[in-house]
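Listed below are the residues making up each chain.
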Amino acid sequence: MSQPAVGAMPLDTDQSKRLQHAVAGLSPAQLQWVSGYAAGLAATQGEPLHAGIAAAPTADRQLTVLFGSQTGNGEGVAERLVATARSRGFAARAISLAEFKPSALRREKLVTFVVSTHGDGDPPDDADLFHEYLMSARAGTLESLRYSVLALGDSSYVNFCQTGREFDARLAELGAERFEPLVECDLDFDSLAAAWSGRVVDQLEALIGEAPVAAATHLHAVQSPPVHGRDSPFRAEVLTNQKITGGGSSKDVRHIELSLEGSGLRYEPGDALAVIAENPPQLVDELLQTLSFDGAETVSVDDEPMQLRTALASKLEITVLSLGFLRAWADHGNNDRLRSLLSGDDRQAITDFVTTHQVIDVVRRIPEHVEPQAFIDMLRKLAPRSYSIASSPNANPDEVHLTVAAVRYEAFGRPHWGVASTYLADRVAEGEHVQVFVEKNPRFRLPAPDVPIVMIGPGTGVAPFRAFVEERAEHGAPGDNWLFFGDRNFSFDFLYQLEWQRHLKQGNLRRLDVAFSRDQREKVYVQDLMRRHGGELWRWIDSGAAIYVCGDATNMAGDVENALLDVIAKHGGFDRDGAEAHLKELRRAKRYQRDVY
Amino acid sequence: MGDSPVTDVERIKAASRNLRGTLLESLEDPLTGAISETDTQLSKFHGIYQQDDRDVRNERKRQKLEPAYSFMIRARIPGGLLTTSQWLALDRIAREYANDSIRLTTRQAVQFHGVIKRNLKQTIADINRAALDTLAACGDVNRNVMSPPLPAWSQVHRQVQRYAEDLSAHLTPASGAYHEIWLDGEKLLSTEEEIEPIYGATYLPRKFKAAFVVPPQNDVDVFAQDLGFIAIVEDGEIAGFNVTVGGGMGMTHGDTATYPRLGDVLGFCRSEEVLAVAEAVVTAQRDFGDRTNRKHARLKYTIDDRGLDGFREEVERRSGVSLDTPRRFVFVANGDAYGWQRDDAGAWHYTMFVQNGRVSDVGDRRLLSGLRALASRHTCELRLTPNQNLIVSRVVDGDRDAIDGTLREFGIENEAHATNLRLNSMACVGFPTCGLAMAESERYLPDLIDELDARLAELGLEDAAITTRMTGCANGCARPYIAEIGLVGKAPGRYTLFLGGGFAGERIGYPLLDNADETEILDALTPLFARYANERTEGEHFGDFVVRAGVVPEISHGSEIRAG
Chain B
86 MSQPAVGAMP LDTDQSKRLQ HAVAGLSPAQ LQWVSGYAAG LAATQGEPLH
136 AGIAAAPTAD RQLTVLFGSQ TGNGEGVAER LVATARSRGF AARAISLAEF
186 KPSALRREKL VTFVVSTHGD GDPPDDADLF HEYLMSARAG TLESLRYSVL
236 ALGDSSYVNF CQTGREFDAR LAELGAERFE PLVECDLDFD SLAAAWSGRV
286 VDQLEALIGE APVAAATHLH AVQSPPVHGR DSPFRAEVLT NQKITGGGSS
336 KDVRHIELSL EGSGLRYEPG DALAVIAENP PQLVDELLQT LSFDGAETVS
386 VDDEPMQLRT ALASKLEITV LSLGFLRAWA DHGNNDRLRS LLSGDDRQAI
436 TDFVTTHQVI DVVRRIPEHV EPQAFIDMLR KLAPRSYSIA SSPNANPDEV
486 HLTVAAVRYE AFGRPHWGVA STYLADRVAE GEHVQVFVEK NPRFRLPAPD
536 VPIVMIGPGT GVAPFRAFVE ERAEHGAPGD NWLFFGDRNF SFDFLYQLEW
586 QRHLKQGNLR RLDVAFSRDQ REKVYVQDLM RRHGGELWRW IDSGAAIYVC
636 GDATNMAGDV ENALLDVIAK HGGFDRDGAE AHLKELRRAK RYQRDVY
Chain Y
-10 MGDSPVTDVE RIKAASRNLR GTLLESLEDP LTGAISETDT QLSKFHGIYQ
40 QDDRDVRNER KRQKLEPAYS FMIRARIPGG LLTTSQWLAL DRIAREYAND
90 SIRLTTRQAV QFHGVIKRNL KQTIADINRA ALDTLAACGD VNRNVMSPPL
140 PAWSQVHRQV QRYAEDLSAH LTPASGAYHE IWLDGEKLLS TEEEIEPIYG
190 ATYLPRKFKA AFVVPPQNDV DVFAQDLGFI AIVEDGEIAG FNVTVGGGMG
240 MTHGDTATYP RLGDVLGFCR SEEVLAVAEA VVTAQRDFGD RTNRKHARLK
290 YTIDDRGLDG FREEVERRSG VSLDTPRRFV FVANGDAYGW QRDDAGAWHY
340 TMFVQNGRVS DVGDRRLLSG LRALASRHTC ELRLTPNQNL IVSRVVDGDR
390 DAIDGTLREF GIENEAHATN LRLNSMACVG FPTCGLAMAE SERYLPDLID
440 ELDARLAELG LEDAAITTRM TGCANGCARP YIAEIGLVGK APGRYTLFLG
490 GGFAGERIGY PLLDNADETE ILDALTPLFA RYANERTEGE HFGDFVVRAG
540 VVPEISHGSE IRAG
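Here the protein sequences come in this chain order: B and Y. If you read the first sequence in our numbering, its first letter stands for residue 86, the second for the next number, and so on. If you read the second sequence in our numbering, its first letter stands for residue -10, the second for the next number, and so on.
Don't read these hints as lab results, they were simulated from the structure. A portion of the hints provided could be inaccurate.
[As the list claims (entries may be wrong)] Only pairs whose alpha carbons sit at most 30 Å apart, straight line, appear in this in silico DSSO-like list of lysine-lysine:
(1) Y:106 / B:608
(2) Y:176 / B:336
(3) B:590 / Y:53
(4) Y:53 / B:525
(5) Y:53 / B:608
(6) Y:110 / Y:176
(7) Y:106 / B:328
(8) B:400 / B:328
(9) Y:50 / B:590
(10) B:336 / Y:106
(11) B:186 / Y:284
(12) Y:110 / B:590
(13) Y:50 / B:336
(14) Y:196 / B:328
(15) B:608 / Y:110
(16) Y:196 / Y:53
(17) B:328 / Y:176
(18) B:400 / Y:196
(19) Y:53 / B:186
(20) B:608 / Y:50
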């Protein structure tokens, strides 16, 4: 067989048909498995992968022009370069650095940069996040990238073309190959830029003709990955720990990005990530002090000897109160008041006590003398905390993202912390590691790509919907997406605002309705918006939309369900029973799914 | 040039249906605190600039939040004349919807900063309820018309104020968009019938600024205006006006085709010809101004491209007025006369220093509260000056002590906080709200004045009145190019230093240093102050001195400036 043309489909028509038949109807996860299976087969046949076959489709065979400038100059140069390249038959695209996801650089093969410098050597606004990424350790190695930089600047400034120079030097440092030297342009950039563009296009044939083997990293990943689960969690590097509530917010919500590189972990939109957290050290200290412990005492947890401090810090539950602990504490101290509360009929009083108090509050309010081991034996094991995953694995290869509201509040005259939320927010910095594993959630899954969906996710309940929308955007799913989001203040609490705006602009989101409860005298919540747009909402449901709810189970989930019943009744022409039956039917058909906690 | 396409802003204006655009839809969009990009151009004509808090811009981007958008609202106040009840209304708006401050501008207007989108409409409505408006306070139209605020000759100044108000009214856009959008006015079903008699559908190619002035004070900086009227007073009566055209401050760093320019005297007209001449200047600029390049669109370039004589013929033809030979006039200063002044009719006026025009409560200097007390307690008028100061005007003899008491009570009397250098200083807003700022301005100039004051004091020059003006970019809102010391921001902490502007605003300065930081600025100025202390002639101003001493060349036309 003659060598296939570069980039041509390596299967004949019949093979192609059979392949399509074989994979029809498979879920994304299954498709991924099949891809790994096929790659494994290829590996066992022991033949080197043919460059022409392994080279990915056009994405790898085109020129990407990334631009960033304070004015339109950079874009202008980029557009002209793309036009020239296309006019000579090459695939090329221009993307603003503001729109380009920095980590996607690893997947690029051939990139030119057009970037200006402003102020005292600073990158333009559009490029500052990319610049920060590139300069950081997160940029990784870029050995399969070839590049050239055109720097725009104003030579009356001291740090002329600084950003372009930094890009150029840093890319080389990361192993990328410079195929055309850096060009520095002053305010009169036209002729230099045109000459540079000409040289770039002249080289395209040579560059694209010998495109390197692509997708090698993808193939690596499927080679007998270690299995990480509850018993052997994966140590994931924290790539990003970013507060995403604004300066005036009453909340501290973090966007956490973790690296799954090399983990073999697979997840789907809708899944959760379990995090094995450690208790706040201040709380451990306070507990030791209150109980007159030293911390160095040896105790045994599951027959494993360790220091008391270690046990309290990372093995045992010392925040959330359990009834078991409360009973043990009451028995231990012969405390009648506590016993009578626990043995009484007032279940609400017990619930209230347990939900408002942490372990430390009990031992402070009801002091008793206790031996370290006896105390340890009263406590539960520290459980992993689960977070709905906020990322699509296909849009963010080798990464998993979480949306975490840091729980910190004052009660009984002392600060209280949520274990995992403050662990992620305060106690693991970027570059450090967190132990995680994936928890599958098959009851919270995207429907077929053409089915419209309605997502209701106030607060951090929006997390899985970020994954849903990313996933559908990545696959070009034709089904319409409608998101209801709510929080306290528009200015500070509009989680992922810029991403939603971009999804709307790009058509990945058909509709977004937002309720900010504290921006006006009358509080407005997502359920109010659902009623306000009830007619439209019913039309979506009636035409087959699937409904998803994520977030607080205590109040929100019930309020939203009531609103849904109202909408079904009012606009669908049902009485209350009929509406409930209809919702039940939706649930049975997996068209009403909830992830509430 | 004739073949070049018109600018995007021109296309936006043309498609705007007389400034309506999609402003109503933009106001109702709950997903963003911004208005649409095209609407940001149109909102200016309504006196509204979209801005964002640049101090938190990068932080918010990391937070995946859009910029902290808010709006600057500029109220139009011809001649800067306000009643006390109007001031109280502005004060209430500042506290309710803006950032607890009122910014007095270099054009006798006021600005509110930090108004968020959902409060925008109510704020505009409240301004209108106080019998003020914001229409044409910005945009490619005639902006706030200036007039001398200190009525030294009460009759003359009252008349000039009336001309300013008449001109302002005459050049106000006729579009009903403003009432429809902000004041719930009835919507026109079709705007096809709506005519803009002076501007036409695309308004002017660029902003347009007009002012009246009464010599010998040049407080309005008449030569910085597109259109100026210099009152010629003979025997206590206004004989008419010398007309000036083609002044303008803005330039662009690094673009040598742009330059600040002083207005030229076109000729003399009689009082009753003012409106006709003004309209002719405006329509000539409307028809001949460059709509293909906004950096070459001001009247100053139209005149330099067509020649002054040609432009005069055009104005005469359009107005039917034949302009006479200009009359003699003399200007002595462009600053304000501080403290108590008495006019020829016996009324008193107190010119109060407002540093950089910022009216707010800062520590013991409670300017916002003090002016509120003043407007509530005393009978007076308030007048905003072109130097961003405020005059407590038309005070009767017996009220002076009480007013002095109020000023002292709130720590806002001039003596409390100002040297002559500071009194003659002025800065634009700059960071954090102005979208154009490249360097600090209002937040930094007071500190630089401290440094300069210390050096002047060492040389025994503590009383020197030197006009010092700073802007955060090259557009020149604080008119830095005609200051004796002008500082034009280029990058954080770096400025172009202009020296040798005229004390009466009659000469443009020369760009002596580019990209200078504070040390370089002080190192350049300190030895010049020393020479000035030793070598100046009697009454010689610093700007005149540096030109005479050959430190900087004399600039006779702005286009001679070729530095960037």
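Now for the hints, and whether the structure bears them out:
At most 30 Å may separate the alpha-carbon atoms for a hinted pair to count; residue 106 of chain Y and residue 608 of chain B meet this at roughly 19 Å. Between residue 176 of chain Y and residue 336 of chain B, the direct Cα distance comes to roughly 43 Å. Violation of the 30 Å bound is thereby established for this hinted pair. The hinted pair formed by residue 590 of chain B and residue 53 of chain Y meets the criterion: a straight-line CA distance of about 16 Å does not exceed 30 Å. The hinted pair formed by residue 53 of chain Y and residue 525 of chain B meets the criterion: a straight-line CA distance of about 28 Å does not exceed 30 Å.
For the hint pairing residue 53 of chain Y with residue 608 of chain B, the CA-to-CA distance comes to about 25 Å; that is within 30 Å, so the pair holds. At roughly 16 Å between alpha-carbon atoms, residue 110 of chain Y and residue 176 of chain Y fall within 30 Å of each other, so this suggested pair holds. The suggested pairing of residue 106 of chain Y with residue 328 of chain B holds, with an alpha-carbon distance near 25 Å, which does not exceed 30 Å. At roughly 28 Å between alpha-carbon atoms, residue 400 of chain B and residue 328 of chain B fall within 30 Å of each other, so this suggested pair holds.
For the hint linking residue 50 of chain Y to residue 590 of chain B, the alpha-carbon distance of about 18 Å falls within 30 Å, and the restraint holds. For the hint linking residue 336 of chain B to residue 106 of chain Y, the alpha-carbon distance of about 23 Å falls within 30 Å, and the restraint holds. Taken as a hint, the residue 186 of chain B and residue 284 of chain Y pair is broken in the structure, with Cα atoms around 35 Å apart against an allowance of 30 Å. This hinted pair checks out: residue 110 of chain Y and residue 590 of chain B have alpha carbons roughly 26 Å apart, not beyond 30 Å.
For the given pair, residue 50 of chain Y sits about 18 Å from residue 336 of chain B by alpha-carbon distance, which is consistent with the 30 Å threshold. With a CA separation close to 42 Å, the supplied pair residue 196 of chain Y and residue 328 of chain B exceeds the 30 Å bound. Pair hint residue 608 of chain B plus residue 110 of chain Y holds up; C-alpha atoms about 21 Å apart against a cutoff of 30 Å. For the proposed pair residue 196 of chain Y and residue 53 of chain Y, the alpha carbon gap of about 36 Å is over 30 Å, so the pair is violated.
With a C-alpha separation of about 45 Å, the suggested pair residue 328 of chain B and residue 176 of chain Y falls outside the 30 Å cut-off, and the hint is violated. Pair hint residue 400 of chain B plus residue 196 of chain Y does not hold up; C-alpha atoms about 70 Å apart against a cutoff of 30 Å. For a cut-off of 30 Å, the pair hint linking residue 53 of chain Y to residue 186 of chain B stands: about 13 Å separates their Cα positions. Between residue 608 of chain B and residue 50 of chain Y the CA atoms are separated by roughly 28 Å; this keeps the pair inside 30 Å, and the hint holds.
Violated hints, listed in ascending order, are 2, 11, 14, 16, 17 and 18; each of the other numbered hints is respected by the structure.
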